[in-house]
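K.L.:
Residues per chain are reported as follows:
4 protein chains.
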Amino acid sequence: MNRESFAAGERLVSPAYVRQGCEARRSHEHLIRLLLEKGKCPENGWDESTLELFLHELAIMDSNNFLGNCGVGEREGRVASALVARRHYRFIHGIGRSGDISAVQPKAAGSSLLNKITNSLVLDIIKLAGVHTVANCFVVPMATGMSLTLCFLTLRHKRPKAKYIIWPRIDQKSCFKSMITAGFEPVVIENVLEGDELRTDLQAVKAKVQELGPDNILCIHSTTSCFAPRVPDRLEELAVICANFGIPHIVNNAYGVQSSKCMHLIQQGARVGRIDAFVQSLDKNFMVPVGGAIIAGFNDSFIQEISKMYPGRASASPSLDVLITLLSLGSNGYKKLLKERKEMFSYLSNQIKKLSEAYNERLLHTPHNPISLAVTLKTLDKHHDKAVTQLGSMLFTRQVSGARVVPLGSVQTVSGYTFRGFMSHTNNYPCAYLNAASAIGMKMQDVDLFIKRLDRCLKTVRKEQSKESDDNYDKTEDVDIEEMALKLDNVLLDTHQDASS
Amino acid sequence: MNRESFAAGERLVSPAYVRQGCEARRSHEHLIRLLLEKGKCPENGWDESTLELFLHELAIMDSNNFLGNCGVGEREGRVASALVARRHYRFIHGIGRSGDISAVQPKAAGSSLLNKITNSLVLDIIKLAGVHTVANCFVVPMATGMSLTLCFLTLRHKRPKAKYIIWPRIDQKSCFKSMITAGFEPVVIENVLEGDELRTDLQAVKAKVQELGPDNILCIHSTTSCFAPRVPDRLEELAVICANFGIPHIVNNAYGVQSSKCMHLIQQGARVGRIDAFVQSLDKNFMVPVGGAIIAGFNDSFIQEISKMYPGRASASPSLDVLITLLSLGSNGYKKLLKERKEMFSYLSNQIKKLSEAYNERLLHTPHNPISLAVTLKTLDKHHDKAVTQLGSMLFTRQVSGARVVPLGSVQTVSGYTFRGFMSHTNNYPCAYLNAASAIGMKMQDVDLFIKRLDRCLKTVRKEQSKESDDNYDKTEDVDIEEMALKLDNVLLDTHQDASS
Amino acid sequence: MNRESFAAGERLVSPAYVRQGCEARRSHEHLIRLLLEKGKCPENGWDESTLELFLHELAIMDSNNFLGNCGVGEREGRVASALVARRHYRFIHGIGRSGDISAVQPKAAGSSLLNKITNSLVLDIIKLAGVHTVANCFVVPMATGMSLTLCFLTLRHKRPKAKYIIWPRIDQKSCFKSMITAGFEPVVIENVLEGDELRTDLQAVKAKVQELGPDNILCIHSTTSCFAPRVPDRLEELAVICANFGIPHIVNNAYGVQSSKCMHLIQQGARVGRIDAFVQSLDKNFMVPVGGAIIAGFNDSFIQEISKMYPGRASASPSLDVLITLLSLGSNGYKKLLKERKEMFSYLSNQIKKLSEAYNERLLHTPHNPISLAVTLKTLDKHHDKAVTQLGSMLFTRQVSGARVVPLGSVQTVSGYTFRGFMSHTNNYPCAYLNAASAIGMKMQDVDLFIKRLDRCLKTVRKEQSKESDDNYDKTEDVDIEEMALKLDNVLLDTHQDASS
Amino acid sequence: MNRESFAAGERLVSPAYVRQGCEARRSHEHLIRLLLEKGKCPENGWDESTLELFLHELAIMDSNNFLGNCGVGEREGRVASALVARRHYRFIHGIGRSGDISAVQPKAAGSSLLNKITNSLVLDIIKLAGVHTVANCFVVPMATGMSLTLCFLTLRHKRPKAKYIIWPRIDQKSCFKSMITAGFEPVVIENVLEGDELRTDLQAVKAKVQELGPDNILCIHSTTSCFAPRVPDRLEELAVICANFGIPHIVNNAYGVQSSKCMHLIQQGARVGRIDAFVQSLDKNFMVPVGGAIIAGFNDSFIQEISKMYPGRASASPSLDVLITLLSLGSNGYKKLLKERKEMFSYLSNQIKKLSEAYNERLLHTPHNPISLAVTLKTLDKHHDKAVTQLGSMLFTRQVSGARVVPLGSVQTVSGYTFRGFMSHTNNYPCAYLNAASAIGMKMQDVDLFIKRLDRCLKTVRKEQSKESDDNYDKTEDVDIEEMALKLDNVLLDTHQDASS
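Residue numbers (UniProt numbering), protein chains in the order written: chain A, 1 to 501; chain B, 1 to 501; chain C, 1 to 501; chain D, 1 to 501.
Source of the hints: derived by calculation from the structure; they are not laboratory data. Please read these numbers as outputs of a predicted model, since none were measured by experiment. The reader is advised that the hints may include incorrect statements.
Identical chains blur together in the list; that is why a pair holds if it fits in one copy or across any two.
What the hints assert, rightly or not - 20 Å max Cα-Cα, derived EDC-like pairs, lysine to aspartate or glutamate:
| no. | residue 1 | residue 2 |
| --- | --- | --- |
| 1 | Lys127 | Glu43 |
| 2 | Lys335 | Asp47 |
| 3 | Lys158 | Glu305 |
| 4 | Lys161 | Glu185 |
| 5 | Lys40 | Glu29 |
| 6 | Lys163 | Glu185 |
| 7 | Lys161 | Glu4 |
| 8 | Lys378 | Asp455 |
| 9 | Lys206 | Glu237 |
| 10 | Lys158 | Glu185 |
| 11 | Lys208 | Glu48 |
| 12 | Lys336 | Glu43 |
| 13 | Lys378 | Glu52 |
| 14 | Lys443 | Asp47 |
| 15 | Lys308 | Asp100 |
| 16 | Lys261 | Glu194 |
| 17 | Lys354 | Asp448 |
| 18 | Lys353 | Asp448 |
| 19 | Lys40 | Glu4 |
| 20 | Lys38 | Glu10 |
| 21 | Lys40 | Glu10 |
Turn these sequences into a full structure, and let the hints guide you.
P.N.:
Now the structure itself:
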């Protein structure tokens, strides 16, 4: 409503009330102006009504929402379903242009603003989360893995001779596939066992670099967030190697934004050595639906180069989700989530520790892993070789999601490469174990339910084991699980793989 | 509501009424069952209430919506913002798994079903639109260009020696970039002028294949939908060349699903020769927001290979959009849109023809192009070399979107390759021209408004030209345009590029 | 977004695009300004995006949506459920104040504007629909019946001696109850049969007025829209009687806005005689959910008096519904609906006529009733006294809603008054019949389905009748209906009453 | 989805996952079944997805949502605007029938269930809130005042001779008007001052009853929730008088459900004497939009009689709001809100007390009022007779809503009755004062902001006063307020009245 509208309103109801309403409007506008001017995440989360006003205002700047528009092109933002239009707040044109996913669209000033603002907010949050010197970033509506692929494809043009990517092993399929898809040969560096932890073998990395020759190496591809007992790679040292040999360094920081430790590693790596880009998932760090990633880096122009590699326009949906989420939370809300996650991590550790001791198991000592925990399943493993996978099924059917059992000796071939001890990040980890993680958004109730159900499952598995050893197995007692387990036979492998991805 | 709930309901209100309500429910369920059993697009579009019921039912099958779920993983479908959850109908887990974008997710049976059903519906529609023997397809939440890149990356593993992609020239950036990004060297085949039309130079293609050697060629990359006066490539003949030389053939069918001619070309190409995959945009063919593409082909296992190349989970948003749209429209609704588009094409042709003659211009004769039209701008070009681009600005500021002026002699460098006569698909087209297209969803009102505004703009440009030639230019008369044009100086190039992408 | 925000936007994306977006915004604002200034229904319906922008702008003028508000009263527009807030577009304060349902609320300038605008639009539509000299009206969130009660209660204060209301009989319960609830004694004037039509007995009215004495009569309470074969009351003549005797006149125009004939009667009545208020349903005339009525009249101050009789604030929900509906439709859209209704009335008449003749029945000749039709059920009635009600059940269970069978001789007591021939508006109508109506929003498909199902039902009933008369009734042949009919025994009466209300 | 659909789903994705999804569905269904069977508010609030599933399931039981329905009546639940349909979850038929607002509609089994369930839940909550022996209640989509009117109109039929309503004075307009509108003569019983409190003058009531004669009295109309220093009426003693004299007793419990004290008074009154009905606002007790009330009582058949007095169908909107709200909150959520309100009352008392003492004012001692507080404005009143109203304006313009200043000596005429000392519930309260209330949903932030702003306003008013007394008023210093106050002159009275209603 403009001035004339308010004036007309004053004639309909009392001017004093309309004026107060108009005044109130200004406070919404003030927030919007601040956002556009500063490009920073507001400290306090926005009210839903400010948020919707903002989105509405942006949307009507797109040509498909012009009241007098006529379209004679092949891409005019026409929408057949009102439901679809509404769920996208009438942003139809996506983001970017054929040349550049960060570019401005003449037909869609609103969507373009949305894109710019989102990238700006996300940059702000990355700084806040610990990578203070990040130079640029952008949201891309692709999985973390595919985004890594895009980074590798960009590097190809700068290093035409390179064929190899040095990759400290992490047993996560899409991570591995990102290199295969980009057409490179991953050079797997096995991890070393230090105490319970699996850590980067820096000597092996350096040796491999020298063996293959730096020019033949596209980059080192390291990882922060991962399942215990693997811990984040030694980023600082890797970054120094990269700097020394003039090799690019791409970091898979999949769900690392939520951990100050992971972010600190990246910041330090960039400070003392070389990191070209680090890639993180939107959904895992910002509690939005699956589908987007952030590609960030310390060199503005390299990040721009990557953004120019995406051929075509892209979905605005992940950007919209993260924009809504960050404006709703505010930086204070996001910080609160980070704090709660940390607390929940301690709580989960303690509860698992207690439970494991009751079953003569042990929480692995993995102090460098800030998110994931692992608890041994030695006693299961000993009695019954299927018991470990059965425990996984049982947890799954009891609506525990995300727990992941890792049996010994599983072998998997991915894109022609064979991994022994797959899922455990090493050929021969000393024992089977179970993973659980404290990720952003986890509630105390999740922990409590998990511990309770795990307790019950362990009890059942034990009982069955002892019965079986007594050759006295009572099939009627826990029919459901048996039946389910049977039916889940073909699910089992899947379940574990899922957990690992 | 289950049987017990209905029974309880019968005790609260009259059983006869509840029974009738329950009966009515069955008709919704019947539609859902048919869909799941047949996997085909329903003939008649669904009611919004059936649609929402269906989506709701699917969503509660995902673990993030289980009432008793506890999540202890790093990716649990948690959502911070209720607005975001709602706009995705609470589908949070995306589609696919780390290994395969078409794979089923254990944590998300509902999202997995959504994905399967969508792909199945889309396959049905592709058949209906003319490619009857298509074997498989999948929706991927990436631009058409990036999807082409994925196809090329998949082929790389099958043709390790190949470096080149044979590409009949089409002046559309993302199309060109899709090859660059994948790391291949595009071999540009200039088009030949036949009458007004620009057509595939089959001899040049064949000669190039023989010159480079088939094994060094990754594939031929042809195009259907394009701006006139270029017309769809001679797919049949290209497909035969591919078959004969054992070279893969990837077709960019960006907005070709909407045209029976384009679809027929693909069907024929596959019948008489070789087509490995054809890629089409979701937004341009199905009136959904930008962000997705369909990769389809005639060999089930090759399409599966491509789907296994996407590393990681992906956004379900484009799939959800197209699912909602197709269920709302039904196959009859979609066919109706196709029919209307064809009619609108005739109407637009006639109207442009009439107008152009009034200005001593000519509608180019391009009978092989079923979607795009071109009208000469000879008279503008002659008088004033900036007049062509000025016309573009004027249309833009008058809310005509998608019209595209093509001046003579524009030169553009894309990723190191220089294109003379850029935007016109050839080095020296005989004249400048203006494009307009009749794309799916276009309304008669669009045509009428366009013709009216174009008329006015042409009049203004002419007047200015004559004034200038009289050295008697009255600057006050049309200040707005002048001022705007000035400010648009830096926009101009962009505008045209946009139209071309 | 204000000027500073746009300026900030221009720095983020190209100024030319932002300016165009800003320009586009102005066209929305222009529509809003026109609405507020003129208070008239726009000719062309608004786009959903203009509509939502407008509602959003209004809502943020209410104190519950002030970002800095603090509430220390007992009624602060707080909402516990976000779903509820959203579905009301965050209008929480309702309309009106303790003293007056049309009054402005200091706490809620937006809701107050909404209320004013809605009443203004509705007034405009009433004029457009035929009552050109209407002076004032307001939407009240109560049923038509309760709204009539409010009119009667208002009149009580002006006519303290009056005890009676003169009421030409119409067999619709809430209509009758509106007088009982207000505490008056209805004086029923039986209708006279003219041809097939039941019409107002003017002589009886006049005689009754003289018998009771004008001062003892609160008002005459007449009716326009009604089920055939009753037709609208002779409003002109009644209005003259009212004027001559100085008696108020309240018209129940329940679903008469949709008929130019009904509206014309009111306009004429007011011109030649006296009409104090006429009351119409929102849902039946404007295709909104049940729950509101419009009280309108020719004397501004009397309508204000009525609005001041409602003690307390009221739901804004019906006002919001009608506002959204009218702005979506525009006056052209509403006129189109009126036109289609008329056409559908002809179509329905013709189809029923044809069908009835095939069964030796007859469409009653009721030219004064512009909405409802009646077709005789003589043949059913003759053979089998339950056949008429059975037909009603059968139609009901076959998802024909709104059809209404009227058997002979039904007697009903309402609030102590006994009506013979209840539902037929007269003690002894010559035959049983079936009603169907062409109301606003009816589609050709409704008519076709109805005719088809009625045909089938009539066939079935006939067959059963002939079987029974042959004493040869095959119970297995049409079990469903029999069974259903049995179970519907206790529903039957209800069904008919429903149809009659 | 039914069994066949799930079976089809199992063929599309893994059976184990579909089965788990199907299992998960059952937990939603279980909650719905419990609700329908028990008719009680669930202890724990429902998830939004269960809630929407439930509403969706109910809605498709209404004939307007039948896929095969054909409507040939005048009221078929047709909706012109999709926005409107959606915001009502496609419940279009409203609640009740012409004969009875609680009756079941044949055309709308879903809406009928919604209505029954809502009334059942609300009854449950009234018991939980303290009136354990309540027998029946129903939600009516009218203001509290209009609902009281309906009660009075119902009583009229039982007591044809009665003309008077005995009414202990409470200065709230709609309360008074509810009797006027119903056509009765209010007999005002002035309150007595006990300490700071204004309480029911039982002697005067009894004397009046005897003077007028019980048969001439329709009922005693008492009040619980009210602004301090008036306190809830002495319900027990009034109920005993009613029982002894055989006079009905209607209690205005406007916002009393939120206070255990008010509810206890009603329970006690009914136990020891006579209470026929008690009426409460939906919005003020359940944090829903304005527009509904609950009429409750201890005699099932009397409550049914009232529900049968409402002529016509009514809006389902308030019922839907309270249903959604109660299911979202659960009884535990509602209890929590009650508890927080009580705590906030203490907090507000303490903060006001502290502030008032700093300004030489005093928190009035009104221990019998559990919701509203009053603080003296003696010092303002002394210096400057406009200062009290100015304070009101200043608070209003500073976005403090609901605070209410009560100057001395205001006289108001309502419907012909003159009230001296209007707003203060008595002719001559000893001093001017300010009211604030702790109502359900109030937050600590509301209190803190209020105290801060009140402090600032008091400071400003004082400063101005001292300046004026020095004859040294600097008009420039606080221009805004002055200017605003000037413009608010005509607002002032309104503001106060608003607060009082």
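K.L.:
Please name the hints from earlier in the document that this structure breaks, with their numbers sorted from lowest to highest.
P.N.:
Checked against the structure, the hints that fail are numbers 7, 11 and 13, while the rest are satisfied.
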